[in-house]
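Please model the entire structure based on the sequences and the hints provided.
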Amino acid sequence: MNNPLYQKNIISIADLSRSDLELILETAHSLKQNPQPTLLNNKVIASCFFEASTRTRLSFETAVQRLGGSVIGFDSGGNTSLAQKGETLADSVKVISSYADAFFMRHPQEGAARLASEFTSVPVINGGDGSNQHPTQTLLDLFTIYETQARLDNLNIAFVGDLKYGRTVHSLAQALSLFNCNFYFISPEALAMPDYIIEELTERDISFSLHTSIEEVVDELDVLYMTRVQKERFDETEYQHMKSAFLLNAGMLKNVKDNLKVLHPLPRIDEINQDVDNTPYAYYFQQAQNGVFARQALLALLLTNHFQAKP
Amino acid sequence: MQKKLQVEAIEQGSVIDHIPAHQGVKILKFFKFTQTNEKITIGLNLATKSGESKDLIKIENTFFNDKQANQLALFAPNATINQIKDFKVVNKFKVQLPSSFIDVLSCPNSNCISHNEPVQSRFYVKQKKTLKLKCHYCEKSFNRATFDELD
Ligand SMILES: [Zn+2]
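Sequence order for the protein chains is Z and P. Numbered as in the numbering used here, the first sequence ends at 1212 without a single skipped number. Numbered as in the numbering used here, the second sequence ends at 600 without a single skipped number.
I should point out that these hints are in silico values taken from the structure, not numbers from a laboratory. Predicted model, so just to flag it, every value in this text is computed and none were measured. By construction, the Cβ of each residue, glycine as well, lies at the ideal position given by its N, Cα and C atoms. One or more of the hints may lead you astray.
Unchecked claim - If you want the footprint, here are the derived chain Z segments under chain P, 3+ residues with CB under 8 Å:
| # | stretch |
| --- | --- |
| 1 | 1008 to 1019 |
| 2 | 1025 to 1038 |
Stated by the list, open to error - Simulated crosslink set (BS3-like; lysine-lysine; CA at most 25 Å straight-line):
| # | chain 1 | residue 1 | chain 2 | residue 2 |
| --- | --- | --- | --- | --- |
| 3 | P | K543 | P | K583 |
| 4 | P | K577 | P | K516 |
| 5 | P | K583 | Z | K909 |
| 6 | P | K575 | Z | K1065 |
| 7 | P | K589 | Z | K909 |
| 8 | Z | K909 | Z | K933 |
| 9 | P | K481 | P | K534 |
| 10 | Z | K1065 | P | K581 |
| 11 | P | K475 | P | K577 |
| 12 | Z | K1065 | P | K583 |
| 13 | P | K541 | P | K577 |
| 14 | P | K475 | P | K488 |
| 15 | P | K516 | P | K583 |
| 16 | P | K478 | P | K543 |
| 17 | Z | K1065 | Z | K1144 |
| 18 | P | K516 | P | K537 |
| 19 | Z | K1065 | P | K589 |
| 20 | P | K488 | P | K534 |
Spelled out as structure tokens, the structure:
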């Protein structure tokens, strides 16, 4: 049976169907249980960071190496001769991808990965294009939810913090809307979910509600997805007031469901108090580690036609 | 006077009717009809039966291909195009909103990769009622009014 993602690009979460997503998550799960250290032997993967992102780069390059592939590339495009010579992205991609079997890239401009995929015949994986998409983050979030809840359907999921500017929460909510979850959006009014996401959820008949504190809903949740509220967006009094509503500490978790998991894309500043780390609900560090498995799953599916995930 | 303008015949060419008022001049500019030497008759703010005013353009020896007819929808979603040959209407069709616009519009997002690269811009029609277009590259959606180069 052919794998439907073989030689495909991973540019935007919206390009992936529910069954594509399930295949990726099952593959990530399988690779976590059964490492495949030689799967990508003799494969060269380009890892091109036209904009620096240490966490994403380390996670991706670990994924390549754990599968036995090798990496070429650069970690900060601004310092490369590419940027200094003013070459178009299209030309850079044509040349670099001719050396490699797949092209992973991060770029400060929206649409860069889509454009790159039009100038190469090898699969392109988007590692973040400006404020637009970061599909491997969304996939690792989905994988972590799937792993901890054993399903993606009918979950009660709260998103907390900066829901206006956070692309992470936008694409995660969009992806989860394929799975009939129940959403709680918890944010200061000034940082509420943008209208276009609300419209999309309404069109898809997804149930959601808006809240102004974590404690209003925390006891009903399966997943509490925390994000950072940037201090810079508020004056000091406002910020102090908000802290109590949008920052999490262990005391708020006294009556929660046993299966609750607290997630965060990291880095955290003070939105999750360190006393949460030792509760059974904290899962953000495992979530970061899952990024390696989600990225391994993409590489395995894009580069090997007959790779079979073991259940 | 107005009646006379509307019936004034052309031997060969196109009549674009049912253009919303104030869009006629934009259409002339967009299709670069301001630079042609063909004879053009335009009517602006003409009265209609429904009470709303409309613009009308007659242009000799010029015919719209499908792509141009679709582009007209950006300005006049309900326009009709009459093709005239030997003073007779030989073909009459309504403008249709295409599913995408290629190489017609420039992305309003200044950080969109499409600006400085060797690619054609591409927008998908996301919503027809109040026209919303989504950029193929940056995936952002924009209202029709945001594309200010059309004004
Ligand atoms: Zn764009």
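Hints versus structure:
1. 1008 to 1019: n = 9 at 8 Å, threshold three: holds.
2. 1025 to 1038: holds (count 5)
3. P:K543 / P:K583: holds, 24 Å
4. P:K577 / P:K516: holds, 18 Å
5. P:K583 / Z:K909: holds, 22 Å
6. P:K575 / Z:K1065: Holds. K575 (chain P) to K1065 (chain Z) sits at ~22 Å (cutoff 25 Å).
7. P:K589 / Z:K909: holds, 23 Å
8. Z:K909 / Z:K933: Holds - the C-alpha atoms of K933 (chain Z) and K909 (chain Z) are around 22 Å apart, at most 25 Å.
9. P:K481 / P:K534: Given that 25 Å is the threshold and the Cα spacing comes to 23 Å, the pair holds.
10. Z:K1065 / P:K581: Roughly 21 Å separates the two Cα atoms, so the pair holds.
11. P:K475 / P:K577: Answer holds: K475 (chain P) to K577 (chain P) is near 20 Å, not above 25 Å.
12. Z:K1065 / P:K583: holds, 19 Å
13. P:K541 / P:K577: holds, 23 Å
14. P:K475 / P:K488: holds, 18 Å
15. P:K516 / P:K583: holds, 19 Å
16. P:K478 / P:K543: holds, 21 Å
17. Z:K1065 / Z:K1144: holds, 17 Å
18. P:K516 / P:K537: holds, 24 Å
19. Z:K1065 / P:K589: holds, 15 Å
20. P:K488 / P:K534: holds, 15 Å
Of the hints listed earlier, there is not a single one the structure fails to meet.
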